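*Asks:* Here the protein sequences come in this chain order: U and R. Under the working numbering, the residue at position 378 of the first sequence is numbered 368, and the numbers go up by one with no gaps. Under the working numbering, the residue at position 258 of the second sequence is numbered 248, and the numbers go up by one with no gaps.
These are computed hints drawn from the structure, not numbers from a lab. One or more hints might be untrue.
Pairs count within a copy or across copies, as identical chains cannot be separated in the list.
Computed cross-link-like contacts, DMTMM-like style, restricted to lysine to aspartate or glutamate with a CA-CA straight-line distance of at most 25 angstroms [stated by the list, open to error]:
hint	residue 1	residue 2
1	Lys110	Glu131
2	Lys100	Asp77
3	Lys93	Asp107
4	Lys93	Glu292
5	Lys14	Glu207
6	Lys14	Asp42
7	Lys319	Asp407
8	Lys93	Asp307
9	Lys93	Asp294
In this text the structure is predicted, and so the values were computed from the model without any measurement.
There are 2 protein chains.
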Amino acid sequence: MALIVQKYGGTSMGSIDRIKNVAKRVKRWHENGHQIVVVVSAMSGETNRLIDLARQISSQPDPREYDQMVSTGEQVSISLLAMAIKDLGIGARSFTGGQVAIKTDTSFNKARIQSIDDQKIRAQLDAGNVVIVAGFQGVDEEGNITTLGRGGSDTTGVALAAALGADECQIYTDVDGVYTTDPRVTPKAKKLSKITFEEMLEMASLGSKVLQIRSVEFAGKYQVPLRVLSSFDESNDGSFDEHFKQNVGTLITIDEGDNMEQAIISGIAFNRDEAKVVVRGVPDHPGIASAILSPIGNANIEVDMIVQNISTNGTTDFSFTVNRPDLDKALAVLNNEVKDEINAKEVIGNDNVVKISLVGVGMRSHAGVASLMFQTLAENNINIQMISTSEIKVSVLIQEQHLEKAVKFLHTAFGLDRQDGASKVAGV
Amino acid sequence: MALIVQKYGGTSMGSIDRIKNVAKRVKRWHENGHQIVVVVSAMSGETNRLIDLARQISSQPDPREYDQMVSTGEQVSISLLAMAIKDLGIGARSFTGGQVAIKTDTSFNKARIQSIDDQKIRAQLDAGNVVIVAGFQGVDEEGNITTLGRGGSDTTGVALAAALGADECQIYTDVDGVYTTDPRVTPKAKKLSKITFEEMLEMASLGSKVLQIRSVEFAGKYQVPLRVLSSFDESNDGSFDEHFKQNVGTLITIDEGDNMEQAIISGIAFNRDEAKVVVRGVPDHPGIASAILSPIGNANIEVDMIVQNISTNGTTDFSFTVNRPDLDKALAVLNNEVKDEINAKEVIGNDNVVKISLVGVGMRSHAGVASLMFQTLAENNINIQMISTSEIKVSVLIQEQHLEKAVKFLHTAFGLDRQDGASKVAGV
């Protein structure tokens, strides 16, 4: 018998029929003898409907009242799912965040979970009932309803799994797992059966939006095994056996480091939402980076990659990337507040760029990943504009028009095309 | 400074604009220095939308989950109203039934309020805030959400007014008060400025559906002054002065008995939803009433008026009325289970009847109301089929086709046409 936390998102709960399907799946797991805690989001569209009501009332809705209102979306779905499960002859009970004492701080709209009282849930599980908990919400010390911010239902699932010491937290979604890269870019993309928390964090932040990044951090911190899997896959029959563990969805877990054949690269992420800013002919002296980036930060513009060239003749070029919608604002800040101040020659913007990243914990113990990457791109006449590296990631900025070609060649070069998804790379 | 509880129903909260109008009215009261507690229903249509979702999931939704779900309708409206009031620069805070500890029993779907903790509300009022409370809901001892049954928001308003010792509980609705009779029947119907709880109970149960009957009982029990008034009347400027107290809406209050010119009749109620059953030629011996009515009660048919004629030649006729949709069922029960058993001659049904009732506490001290009623009907050739009286009510059953004529003649005969609404009747 296992204790499983299952989280179903808005799409999985998007209609009466889909809710009934979720109930049937929960029944199968329950019938296999497992204790099941289900976390659900609001039915798709419902949260937007509520937000729209609030915006019609006020251009800046009071944050406390906003949470009080928007939390009702999940309250409706937990009740509907409980009704559906009971209709199948299984004991079930729904709880709001407040009812199972998911205690948070008082940061309305973006609260953080502080503690969960697992007593009520355990009592229900021990009585043979399925427990259904509203995602995305909690209560503060005074009993005010708080929400964890958009997509926070994943976090609720992981937090409950951690509090209950669950065997696994299953995130049901509309994809069947995490892929080596976006299958829309190359049909050779393969589902990964396993990935580490760290890799998932790099993949997620780089644009593979399968999971809320906060929930992955949380799962990593508390070492909660996290599985991404499809809510439409009927082969998932509720038996938590070896076949299931090795084949269904993608398991996100700690780096066990015991695999001789460990993959060097797990996946290739990319982000089209990038724009490059170059400040040319900057006098090369201390304080320049700060003089350029402080005004950018003050204007609430997030900076991603940062590169400073080697100085020639006492001047240098300073480049960085921002989210594409922020490019014009960034250029205005630099031209108005920075350029003359630091005596720069010119400020150039370019929104015709994308970032491609190789991600893999295997990099730690294998040299040569970056050089194979650069070599592959060079052989295919793709120019690299910026480079940035971390312990388990190499990112390059290239012209947008080369994106698909680059991903395909890298996918092949790093051996990701093979049937088993991630694999050792020949020649590295 | 007064403490006022205001209750707004689904129609008053039916759109963004209407919610903003409620906020403006609350602001006016607040600006006049009064402490305001607002109780609201779900936006019109919302409760039905939720019930419809539940019915699609299950033909018999689990009662606990049903309450958990349907209570969200009010949760949304309290938040929206709080946002709207805050947008007008007034402190406001919304609370669910659970958050202000409206404790009920565990009868899901039709819970009864057991206690209210007024501390949280008083603290907010003392801090100068408007307090908004979700109607229709509470929590039981275990923290399960319960609902008071349909229309229960009136009861929430009265219960809060009682717990807080409010100066008045104002029920805002889409009519501007209680009338001497239905204005659609006679344009001479007048708004009453005052009516007693007992009269209101008789009026309500007889078909003048302005207020939930339970809330009137509750208000009477705790002597909470209850005012019915229009949420669309812009002359209500938030000043709780003598003009307001005597002219706006209808005040439902205790019988002060100190009014020399007290009205004998306050109003004329009627009910089209009646059908008559006559059991003819019944042997007149003890136990007959029970032999006829027990099987009717066992079939869950409610009986209203009951009349037994004087016996002639050892047999009598036994008549009673039921709700019109129950007539066929009642006839079947009598024909199959009763008629032969008690040796009755025949069983006749008639769904072509209506009940008209005169209501007024003045009847207690004035004889002759019934005879003026009968005389008025006789003069206009309207035949009376049944009569039933109570301390403050006389009801007659007549043919449906005479309804409007009868109400008009009685309205005039009892002096209700005069400008001040209720009045002393000449000649009684």
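*Asks:* Tell me, please, which holds for Lys319 and Asp407 at an alpha-carbon limit of 25 angstroms: within, between, both or neither?
*Replies:* Cα proximity of Lys319 and Asp407: none, with 41 angstroms in one copy and 73 angstroms across.
*Asks:* With identical chains, the pair Lys110 and Glu131 could be close in the same copy or across copies; at 25 angstroms between alpha carbons, which is it: within, between, both, or neither?
*Replies:* both (18 angstroms within a copy, 14 angstroms between copies)
*Asks:* Between copies, within a copy, both or neither: which fits Lys100 and Asp77 at Cα up to 25 angstroms?
*Replies:* between (35 angstroms within a copy, 22 angstroms between copies)
*Asks:* 25 angstroms Cα cut-off: does Lys14 pair with Glu207 within a copy, between copies, both or neither?
*Replies:* neither (31 angstroms within a copy, 46 angstroms between copies)
*Asks:* Within, between, both or neither: how does the pair Lys93, Asp294 come out at a Cα-Cα threshold of 25 angstroms?
*Replies:* neither (34 angstroms within a copy, 53 angstroms between copies)
*Asks:* Cα distance capped at 25 angstroms. Does Lys14 pair with Asp42 within a copy, between copies, both, or neither?
*Replies:* between (33 angstroms within a copy, 21 angstroms between copies)
*Asks:* Is it within a copy, between copies, both, or neither that the alpha carbon of Lys93 lies no farther than 25 angstroms from that of Asp107?
*Replies:* Answer is both; intra-copy 8 angstroms and inter-copy 22 angstroms each pass.
*Asks:* For Lys93 vs Glu292, is the C-alpha pair at or below 25 angstroms within one copy, between two copies, both, or neither?
*Replies:* Answer is neither; intra-copy 31 angstroms and inter-copy 49 angstroms both fail.
*Asks:* For Lys93 and Asp307, with the copy left unspecified, which applies at a CA distance of at most 25 angstroms: within, between, both, or neither?
*Replies:* neither (49 angstroms within a copy, 69 angstroms between copies)
Comparing the model with each earlier hint shows violations of hints 4, 5, 7, 8, 9; every other hint is respected.
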